[in-house]
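Colleague: Here is what each chain is made of, one letter per residue.
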Amino acid sequence: MSALLDAVVSAAFVTQAVRIAVPLGCAAVGGALTERSGVIDLALEAKLLAGAFGAAVAAEATGSIAAGVAGGVAAAVLVALVQAWLTVRLAADQVVVGIALNLGAYGLTRYVLDLLYGSTASSPRTVGVGSAVWTSPVFWLAAIAIVAVTVMLARAPLGLRIRAAGDRPAALAAVGVSVARVRVLALVIGGALAGLGGAQLALANHGFSAEMSAGRGYIALAIVILAGWRPAWVAALCLAFGLLDAFQLQLQLTLQSAAQATGELSEAGRALQTFALVLPYVATLVVLAVVAQRSRAPRALGRADE
Amino acid sequence: MSALRREAAIAAVALLVAIAAGSALILVVGQSPARVWAALLARTLGDGYGLAQVLFKATPLVFTGLAVAVGLRAGLFNIGVEGQLAAGLFACGLAGAALPAGTPAVIAVAACVAAAAAAGGAVGAATGALRAVRGAHEVIVGILLNAIIFAVLLWLGDTYVFVRESTRTPDVVEAARLPTFGPAGTALNASIALAAVSVAAIAWVLARTRTGAAWRAVGASRDAAAAAGIGARGAWISAMAVSGALAGLAAAHYVLGYKHAYENDLGRGAGFLGVAVALLGRGHPGGVVVGALLIGLLSHGGLAINELVPKELIDVLTAVIVVAVAAAAPVVRRWERRAAEVGAIA
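So the protein sequences, as listed, match chains A and B.
Position 148 of the first sequence, counting from 1, maps to 282 under this note's numbering, and the rest follow consecutively.
Position 128 of the second sequence, counting from 1, maps to 395 under this note's numbering, and the rest follow consecutively.
No lab work stands behind these hints: they were computed from the structure.
Incorrect hints may have been included.
Covered by chain B, per the in silico footprint, the following chain A stretches (three or more residues, Cβ under 8 Å) [said to hold, decoys possible]:
#1 142-154
#2 217-225
#3 245-259
#4 355-364
Stretch-level coverage of chain A by chain B, calculated; a stretch enters the list once three of its residues show a Cβ under 8 Å from a Cβ in chain B [as the list claims (entries may be wrong)]:
#5 194-201
#6 262-271
The calculated label-pair distances, taken between Cβ atoms and stated as ranges, are [as the list claims (entries may be wrong)]:
#7 A:GLU345 / B:ARG302: 42 to 48 Å
#8 B:LEU271 / A:ALA304: 33 to 39 Å
#9 A:LEU250 / B:PRO367: 55 to 61 Å
#10 A:VAL148 / B:ALA279: 52 to 58 Å
#11 B:LEU282 / A:ALA288: 43 to 49 Å
#12 B:ARG273 / A:GLY310: 31 to 37 Å
#13 A:ALA305 / B:GLY496: 40 to 46 Å
#14 A:VAL148 / B:ALA305: 31 to 37 Å
#15 B:SER299 / A:SER144: 30 to 36 Å
#16 A:SER144 / B:GLY536: 37 to 43 Å
Glycine residues also receive a C-beta, built at the ideal position from the N, C-alpha and C atoms.
Pulled out of the complex, with its shape left as it was, chain A reads as follows (with noise of 0.2 Å):
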């Protein structure tokens, strides 16, 4: 257990946690955007999983890790515009468009993967930026980002008509500001910043590989809910999932060199790597089930205006 101690108060600990939180932050900060606009995103799937693949997809073709920045922000984009029109436009509903669109990217990354490099499991090795986390600008992109968004609806006129379009729409549309309109661009800025996060998971892993998102988007969107739809918490609350995933990945690294010494993995040491690799899960499902009620959603969260 010491030497799980000695792992967990060090440096290279804190640089994993951080490594996990950051992409993750990108969903979920753009999420927040996005919902406060009054539109559920239940797509940060499909935009991590499209910003993943257009990342790797431009990076392959390219040789540039920018052009892979790049990539990866216009896919996801292109997904929340997809989005956009079906929410706003077409007014469907966007729990199932959500849905729908995170099963379509799923199928649909794998299908062109397949038409462009003949395999439906992943890409070929890409130009990326590995494991860094501190040297890589990869990641200071997206952690200005996150504090620009943050600042942006906070504090900026844009950021001010995002919130009045999820919490009294008609109020915007009395002073003449399109509804649907801010709701696009909150879309659109929302799905760059999940592309961004998208693009450092190809990044970090030199390519894209099926269905590399992992849930993820779930859970940023529970992170959403858990932080008030508030991106300062939300970016908070990605942190602390990192280290809690940080610490369940570290657990199971100790169990794993504690078993090799033994030879075989105890029966005490199976349950304890189950409780660990739950445990963010579980965390999150409490914490949602203790703040839920107090946390309040925007008005117009989920309803489309004509």
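Following the hints, put chain B in place on chain A, whose structure we already have.
Modeller: Showing chain B alone in chain A's frame:
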């Protein structure tokens, strides 16, 4: 426009959009859409084996589709069907393996089915209670519970019940296995009868019982329901319990009819497809059957067309159909309104 005609119009629009999108994707890989669609139909509806396989694929989707539909009627989106199904499969496998060898078949099957429904129902009820009492959104709770259930089942199985060096439980006793029928090579089995009974039962509950009326009232408008003295809490918890139990019932197909044991990852994805099925069926039990047959056809057809185009085409098509149904519903409603206004002026 009658309700049935409206639903038919929505379905037709969705199908046309899906065919157009699918054709575009087929053209992109340099194949002929006509050839792919023809192959899809020939291999699914063209012979007895294909038809049986479509029914085989559709059977579990009837259960998961009904599960989602019951939630939808009460105004809840049960995305936790995937986890409720896994819990039901696990309970069914455990019960089936634990039964003494001489158990009569009727009792063995009933016990296994009851265990599956109870396990799925418990998870569903917990999700409903978290929403009803604590206000935690059922979509998020469902997703979190799915992740937790998968990890916990793998650990429980690995530590206590799986056959050594495998991720499956010991086989269920002979008496608990459902007979298969149909052309050689298909695993179409008697659980399809349970699926039919479930459809009829849910249709009856929704149309004829006080519980069903409460679900529909709460689903249509919480405020109106409250004014009529129907509380959302009880309706939500009971609807989610029934929804989870229906998801668990799919174990009759997977465990009792098909694999004769619980395996890790068995039935994975059927819960999410249940969402597509329920939306296609517009939340009606009869519609669920149609939706399950369509998705079953696509699932089996995907394997048949894999030599022409990647079978991932089917996932994209399913998504397109769901989106098209969701988008067509408000659009068709708007057409109706406009038609009514034009009629009123004229």
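Colleague: Does each hint fit the structure? Answer for all of them.
Modeller: Going through the hints against the structure:
Proximity of the stretch 142-154 of chain A to chain B, defined as three or more residues with a beta carbon under 8 Å from a beta carbon of that chain, is not established by the 0 residues found. By the rule of at least three residues with a Cβ nearer than 8 Å to a Cβ of chain B, the coverage given for the stretch 217-225 of chain A holds, with 3 such residues. Chain B is given as covering the stretch 245-259 of chain A, and this holds because 4 residues of the stretch bring a CB closer than 8 Å to a CB of that chain, at least three being needed. Requiring three or more residues with a Cβ within less than 8 Å of a Cβ of chain B, the coverage given for the stretch 355-364 of chain A holds, as 3 such residues are present.
Given as covered by chain B, the stretch 194-201 of chain A fails the check, having 0 residues with a CB less than 8 Å from a CB of that chain where 3 are the minimum. Evaluation of the coverage hint for the stretch 262-271 of chain A: breached, as 0 residues show C-beta separations to chain B shorter than 8 Å, against a requirement of three. A hinted range of 42 to 48 Å for the beta carbons of GLU345 (chain A) and ARG302 (chain B) is inconsistent with their spacing of about 29 Å. Under the hint 33 to 39 Å, the C-beta atoms of LEU271 (chain B) and ALA304 (chain A), about 36 Å apart, fit the expected range.
Taken as a hint, the range 55 to 61 Å holds for the pair LEU250 (chain A) and PRO367 (chain B), whose Cβ atoms sit roughly 57 Å apart. Between VAL148 (chain A) and ALA279 (chain B) the beta carbons are some 57 Å apart, a value that agrees with the proposed interval 52 to 58 Å. Range check, LEU282 (chain B) to ALA288 (chain A): about 46 Å between beta-carbon atoms, so the 43 to 49 Å window is met. For the hinted restraint 31 to 37 Å between ARG273 (chain B) and GLY310 (chain A), the CB-CB distance of approximately 36 Å keeps it satisfied.
Taking 40 to 46 Å as the suggested C-beta distance range, the pair ALA305 (chain A) and GLY496 (chain B) does not conform, at roughly 35 Å. At roughly 59 Å, the beta-carbon separation of VAL148 (chain A) and ALA305 (chain B) lies outside the given 31 to 37 Å, and the hint is violated. At roughly 59 Å, the beta-carbon separation of SER299 (chain B) and SER144 (chain A) lies outside the given 30 to 36 Å, and the hint is violated. Remark: the range hint 37 to 43 Å for SER144 (chain A) to GLY536 (chain B) is upheld by a beta-carbon distance near 40 Å.
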